[in-house]
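Trainee: Residue numbers (UniProt numbering), protein chains in the order written: chain A, 1 to 840; chain B, 1 to 112.
Among these hints, one or two may not hold up.
[Claimed, not checked] Restraint-style ranges between C-beta atoms, simulated for each label pair: (1) G182/A x H39/B: 54 to 60 Å; (2) R673/A x F73/B: 18 to 24 Å; (3) N620/A x T59/B: 20 to 26 Å; (4) N620/A x Q64/B: 18 to 24 Å.
I should point out that these hints are in silico values taken from the structure, not numbers from a laboratory. Owing to the predicted nature of the structure, the values given are computational and were not obtained by experimental measurement. Note that the Cβ used here is the ideal one computed from N, Cα and C, for glycine as well.
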Amino acid sequence: MPTGPPSPSPPSPVHPLSVTTSPSTRHAPSRRSLPPSSDPLSSSVTLPLRSSSVRRPAGPSPAAATLFRSTLSFNTPPTTRPSSPAPSAGPGTAQSSPRSIMSSGARSVSLPLPLAGSIFGGGSLVANRQASLLDVVASGEEGGANTTGAPTDPLSLLLKAFVPHVAIHASEDVDELVREKGFKMGLWELLRPFGDKVQGRVTVRDSNGAAKTWEDFAIRFVRFGEGIEEPEPPEPSVNGGAEDASRKGKTDLVRLVERVVEMHLRFAEHAHAYSGSGEDGTASPGAAAAAAAAAAAAAAAAAADTTATSPYFALYLRRLLSGMPVSCHETFAHPVACVMAISSRNPSPIEALQKLYRDTSQGERRLPPWVGADFLRYYVLVHDEENGDITKSLALFEQMKRSFGLHCHLLRLRSSRSVISDDDCFELPRSDWMTPAEELADIEASEALLAADDDDAFEDPARYIFESDATAIRTFVREMVTQSIVPTMERNVSVWNDQVASRRRGLSGRFMSLSKRFAFGSSSSRSSVLGAPGASNTNYDAAAGFYRADAPEAIMRRLADYAFMLRDWKLAMSTYDLLRTDFSNDKAWRYHAAANEMTALSLLIMPQNMSSKTRIETINTLLDQALYSYHIRCGSLYGAIRSVILGLELLRLRGGSGVDEAVRWGVRVLESRLLGPIGDALLKERLAVCYATKSGSGSQGWGSRWRKAALWSVLAAEAWLGQGKCVQAGRCLSQARGLWAKVPREGGVAQWRGAREVLGGLEARVKEGLAPPMEVLGDGGEGEGIEGEEEEEEVSEMLDDRRRGRRQSLIGGVGAGVLETAPLGEGLEEERASAQDGFG
Amino acid sequence: MSYYFAIIGTQDNPLFEYEFGTSKQGGDGQARFGEQARHLNQFILHSSLDIVEELQWTTGQLPQTEEAIKNFFNEVYENYVKAIMSPFYKANQEIKSPIFRQKVAAAGRKYL
């Protein structure tokens, strides 16, 4: 019996339902993507851009534009394709830009708070204390913070990063079938984007039995047995050389993230130069022009909304979080469930499933001893709608249900390939959660094609499937999550909480660590670790550097991680907190660091019941321990950066004195030089956003940090210039101007001679960097001036700055010059109009 | 140790700027800012107005600082009041008096 304990609930009625629904929806004439004319990214694919007379060495290729969509589409009109395959209410209303969400949210909430209590953060802190961070952010009390709904908002990124991982282990015939549909990597590639958002609401019960409903539940599909990071024995004194090597390995992920973001930035720079060179932009609106327009729109928006999350920072964070390896010290990336799929083509289906099962539990491909092997097995029969016999498949499916229990699904897919000209085609978006290595490989492959200069080799990276397939997969994912994965996790949480964690929480447990209790008391799996040196009373295998999956500490860690993924912050926090001391006693530093990190994060998210001073002190201690253990004791750059950046973001969202604390952490990271050059500049930009978040009160804005925010913007601009990223530097400078303009004083920092000179110098460098090279400046440049000025006025009208005269200088001019070539002109106007409405 | 001292008007405008170094422990009273630090001085000073303003409207007190700095501030303030009592001085005007500058320098030598 390979499944878990048989569930007492009756067989669900949804299985037949899913079978019957798909044919009815198949002929629905719904193409999710809009006509090509309104979508610059798709239309650009066919443009003869590369054959133009003006060619730059590594100019942005139109096909490549789709690769950079994650940063490009930021602030483009909301009418581009939906980024998630989950169905939306309607094509037009489904998505709106982060900015308009924010502004409408800010308007709808009349702020009752600011004058209550101490006006500087104290009052709002009192009010926020009883609410979890999610509620705080969702209710819009958080001055200018982004809403959770915005795709780039760090809190929603965090929630979507720590989600249950579902391994996929498919038989050869399934992968063959999916390959015929155009997915080279098999079932995993097809299912993956559908995990980014589970359709509909998901209800989760916490440890007290209270149900809570989430709109944005997600899971992550991974390939079975991939991305496993071996634990390292933490013995720096014995093998110093090896330690250096491992240290180098640790930084790899961070370096990859940096390189991905670097590619995106470079693309933006090229796109800018390309459109700025006057290359018949108006006649053939290419991807490059679209990119530049988007960048200009983002720049204009950034100046108006100083707390918007930069798309590059969001990308950095997302890639940092999406590369989470399967490691021993945290179980987020461990599979919660494993999908075992066979197809209707398989001659001996039940045997095939048994073989798949054996693969995951024994044999070469089984997971290491520190990964719990008792994860849920979910059996899927993929039915080939075009060649298979449905009665046979249904019979087989019944048989599967009899032998394997309830965790089964019949997935009906068409085996032929869908193309864009099909009536009911659906463009499968790229997953938001590609690992940095994958994205890098994609970009490099496209650049290699470009370098080869082979026009025929252009391959549209877009993949299409039939609408009916998309519906079937959505139903499958939803059913698996709501009926199998979430209930299983809930059950595990409650069982582990009763059997393991409660003992530790009891009176005697408080005085004795788990290892000791189990050593003297109950019948546990102590024998397995006796070989470890100095293991007289610990479950920690110090020589190998891990706890076995069945050790109580490892189970507690899984309990806490499950609770965190199910968003039961309180249970998660208390469990992590217990573990911290155990890990510290065992000198399991990597575990210790991770437990500290997660204690801090869950403490920050959960409703607050401490005074703000104690709270901040506690969180500082936790983050400090996490940083020290990760960085100094384990040499894990990745862990160090992740813990501090996430802590910083959550502190920022807490507002009040949390903002100052957040910046202090940021400065600490900058000073300890954990980040590479890209991360360094991004973090400086981010600190500006942090300070800009802190809202003052009264007509004078007392207690705000606009001047400080502007200072960080200038520092960021300087950092970008040092790397030749002029577009980005220009954006930072204009942001700084916007911030100074908010201070109710005449003149700002420009009254200081030294500062004025520095600013002038920076601007000159930006201008120099952005100016199109003289030799390619053709006659296209002539007409630009007039139109550019018109645009310029529009931009400054939109920004309701008190000192807009200043903005007429170079930055506005540059942005406007780019806008002029925009193919999105109309869309941008609409966007602006809606934004203005939002601000009232 | 190098110091950068400024008096700031009501519109964030500089009224008086003075750079000097410590005269204690064998210092020669010359400012030695690195190139990197020097060009940021004004930005940092300007941005710290956020904090000053907040304190001004909440507690109304300056945070506890070193005794030496406090004494220095007191002496400079006394001279500042005397300087702006000049009938030719208008509010928010830059203070150009060489005597005032000398007195600030003297206070700096004395306390810092």
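Trainee: Against each hint, give a clear statement of whether it holds in the structure.
Mentor: Hint check results:
no.	hint	verdict
1	G182/A x H39/B: 54 to 60 Å	holds (56 Å)
2	R673/A x F73/B: 18 to 24 Å	violated (35 Å)
3	N620/A x T59/B: 20 to 26 Å	holds (23 Å)
4	N620/A x Q64/B: 18 to 24 Å	holds (21 Å)
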